[in-house]
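Asks: Those protein sequences? They're chains W and R, same order as listed.
For my numbering, add 24 to where a residue sits in the first sequence, where the first one is 1.
For my numbering, add 24 to where a residue sits in the second sequence, where the first one is 1.
Calculated from the structure, these hints are not laboratory results.
Pairs count within a copy or across copies, as identical chains cannot be separated in the list.
Derived lysine-lysine pairs resembling DSS-like cross-links, with alpha carbons at most 30 angstroms apart:
1) 394 to 68
2) 342 to 283
3) 275 to 307
4) 394 to 135
5) 98 to 247
The primary structure of each chain is shown beneath.
Number of protein chains: 2
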Amino acid sequence: MSAPLKKPIEEFIGADITATMRTIGANARAAARILATLGAVEKKHAIAAMARAIRAATNATLTANREDVAEAEKAGATAAFIDRLRLDEKRIAAMADGVDIVAALPDPVGKVISGWERPNGMRIEQVRVPLGVIGIIYESRPNVTADAGALGLKAGNAVILRGGSDSFLSSRAIHAAIATGLADAGVPGTAIQLVPTRDRDAVGLMLAGLDGAIDVIVPRGGKGLVARVQAEARLPVFAHLDGNCHVYVDKAADPEMAKSIVLNSKMRRTGVCGAAETLLVDKGAAPTLLIPLVRMLIEAGCEVRGDRDTQAADPRVKGATDEDWITEYLDAIIAVKVVDGVDAAIAHVEQYGSHHTDAIVTADRAAAEKFLDRIDSAIVLHNASTQFADGGEFGFGAEIGIATGRLHARGPVGVEQLTTFKYRVRGSGQTRP
Amino acid sequence: MSAPLKKPIEEFIGADITATMRTIGANARAAARILATLGAVEKKHAIAAMARAIRAATNATLTANREDVAEAEKAGATAAFIDRLRLDEKRIAAMADGVDIVAALPDPVGKVISGWERPNGMRIEQVRVPLGVIGIIYESRPNVTADAGALGLKAGNAVILRGGSDSFLSSRAIHAAIATGLADAGVPGTAIQLVPTRDRDAVGLMLAGLDGAIDVIVPRGGKGLVARVQAEARLPVFAHLDGNCHVYVDKAADPEMAKSIVLNSKMRRTGVCGAAETLLVDKGAAPTLLIPLVRMLIEAGCEVRGDRDTQAADPRVKGATDEDWITEYLDAIIAVKVVDGVDAAIAHVEQYGSHHTDAIVTADRAAAEKFLDRIDSAIVLHNASTQFADGGEFGFGAEIGIATGRLHARGPVGVEQLTTFKYRVRGSGQTRP
Chain W
25 MSAPLKKPIE
35 EFIGADITAT
45 MRTIGANARA
55 AARILATLGA
65 VEKKHAIAAM
75 ARAIRAATNA
85 TLTANREDVA
95 EAEKAGATAA
105 FIDRLRLDEK
115 RIAAMADGVD
125 IVAALPDPVG
135 KVISGWERPN
145 GMRIEQVRVP
155 LGVIGIIYES
165 RPNVTADAGA
175 LGLKAGNAVI
185 LRGGSDSFLS
195 SRAIHAAIAT
205 GLADAGVPGT
215 AIQLVPTRDR
225 DAVGLMLAGL
235 DGAIDVIVPR
245 GGKGLVARVQ
255 AEARLPVFAH
265 LDGNCHVYVD
275 KAADPEMAKS
285 IVLNSKMRRT
295 GVCGAAETLL
305 VDKGAAPTLL
315 IPLVRMLIEA
325 GCEVRGDRDT
335 QAADPRVKGA
345 TDEDWITEYL
355 DAIIAVKVVD
365 GVDAAIAHVE
375 QYGSHHTDAI
385 VTADRAAAEK
395 FLDRIDSAIV
405 LHNASTQFAD
415 GGEFGFGAEI
425 GIATGRLHAR
435 GPVGVEQLTT
445 FKYRVRGSGQ
455 TRP
Chain R
25 MSAPLKKPIE
35 EFIGADITAT
45 MRTIGANARA
55 AARILATLGA
65 VEKKHAIAAM
75 ARAIRAATNA
85 TLTANREDVA
95 EAEKAGATAA
105 FIDRLRLDEK
115 RIAAMADGVD
125 IVAALPDPVG
135 KVISGWERPN
145 GMRIEQVRVP
155 LGVIGIIYES
165 RPNVTADAGA
175 LGLKAGNAVI
185 LRGGSDSFLS
195 SRAIHAAIAT
205 GLADAGVPGT
215 AIQLVPTRDR
225 DAVGLMLAGL
235 DGAIDVIVPR
245 GGKGLVARVQ
255 AEARLPVFAH
265 LDGNCHVYVD
275 KAADPEMAKS
285 IVLNSKMRRT
295 GVCGAAETLL
305 VDKGAAPTLL
315 IPLVRMLIEA
325 GCEVRGDRDT
335 QAADPRVKGA
345 TDEDWITEYL
355 DAIIAVKVVD
365 GVDAAIAHVE
375 QYGSHHTDAI
385 VTADRAAAEK
395 FLDRIDSAIV
405 LHNASTQFAD
415 GGEFGFGAEI
425 GIATGRLHAR
435 GPVGVEQLTT
445 FKYRVRGSGQ
455 TRP
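Sequences are here, hints too, so could you generate the full structure?
Replies: So, in structure tokens, the structure goes:
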């Protein structure tokens, strides 16, 4: 979350935030029309030019970032907060490399999703087109300015970026570089706009849609931000609030595989949304696997909170309450429960889960298929770690986040899910009888 | 629109509409879980059983409908309104046949949209799953009860129906038949629920989402209803407000084809959303085509409102105002304008259109491709009538409506667009490095 900084709004271009934001919205809509007509090569060149300009502006960006960091330190921000905010040459290089990766992705626009011919001879094609205008609301990580801008543009969309107040100067410096890159490539600068003020009213205006100028909002940040966006937005949101992910170890699980998947799902990185938060152990597997699994987790530095059976398995296990089954710890803590087979595991996940990512470990194909079928989550895995919940790991090249909503985008949101489609119909004079 | 009827709310089951609607929402969510596990054959049988039960309940439905019609007549409803409301044996038979058509459609659920293997050996599949719970809000046509219920169920969704006050008894009779059919097939009756009251607060509660129980709202009715739903809904809506469709006749158009497409687009049925409302004539085509096109339209009984050039072409042409370019007449009226080539046509459509359906008539392939590319509408056609904007004509078998939103559903919304997807990942013990 943001440290409680207050700054004079010297950046604010004009007295009326509503008018400013309306102009930004209209600019974006106009840019979107132009972007929709750009070819794959033009977009690729423009994004590559952005990467070059980001590299060229390293010093200016570092200077701006030092100011942001100094203010955050003065305001008493946590070390973790400062770490998210701070840039160095390596991070700027990585940001530019990430933009180059997006530049090199296959262009999704114009791809024919499906095509068919009608009995009257009309040929119908469903073809990918840009979504339109994407609003990105983010917090302290200034690199989102480049990531999200590039990904949105790759899909032919105009992007409105609203960065965190605390990273305002950094984001502005990165955005200035992006604008230079776009200008070099002959693409309108309004393709990627940064809200030029820390005024928090800008967020509310974006969540109201700027008179229909924004098609979708993507929040990038902590739960506080995502919850606010989901609660207030009057337009579609691609986001997840919770990643309460489960691993279910079935009685037919290979013991070594179970241990390796559980350890990786929980402990590879505990702060990512695909980290497992609850381990469910089949009561048929408990006699042989519960003790070693719990011991392994504790020895890896993980706090275990268990039901009665799990507490009986190891004296170091704390008691789990109902609260634990719904908690996304994002920390080295796991809730563990013994369940009666795959049906009980499914019931638990459906009752307490967040429809993000859930895995089963088993050699029983029927149990696996049931789990994959019945669990209503964006990602369901058989014999693989929940930490694969990531656009890169899915082969998308880059992602703007993970969505747990059910409409349009679900799971890792890559460049393809930032498009929509239209129908192109080619006839030879057909009229409807 | 509804005639201003007032009735005692004798149908209202319980004193608290909020509690009633919350129960309906929870029922639907629970039913959706069960429906997601049904196989294609079970759903097909259930929908066919609905059709049989609708036929068997013909007399009861006609009795209920006579009451609705009598009240509407007493309240002074228009003839068109009564016609939409009135059922007869033929209409009930057609309704049941429509349900049978839905039963016979290919099942969209479980279809693998795409699949790929990762370098680490994981196999990822994107697979179609039901959307969840669909709320349908409709007006005087009681047949929507059957149509929308069947289509939603085919896609594995639970459906909450909120029919018009004026067709309440008819909808209730049809819904009772549907419930019998579902019971015969062993499918939970909560799969398709009808809001059991005329209380208009029910609509507001549905538009607020019933505590997240509804995933999407589909309004079926006039513009007043659609506008209210789009303005008030706090959740996604599949709908179109306006179908301001254009036909552009290019200078390279075949004259006979142009006449036939213009006449069909405007006059086949004037009250459908795919009817053309504006004709754009290339100034290169005007010398030879403007007079015959205008004469043809007027002689077919269509009022023509034109720009100065069009008024000069025929003394019967009235003057068009700016209002005409944005008006969906849904009547035998057309606005006509002479434009300077395909670029000007595109600019006009993008400025005044409603992103529904637009057509170009030309033998010039480059002009056609430009129009198909640049026009940002759900459906763009080359050398075919705008009246093909219809799920049946697209080969979808049935549609729940046409959407002009950009997310998830666009154009005719068939059974496939009432689904979403999830990712199914099959591994062999993979962990993330």
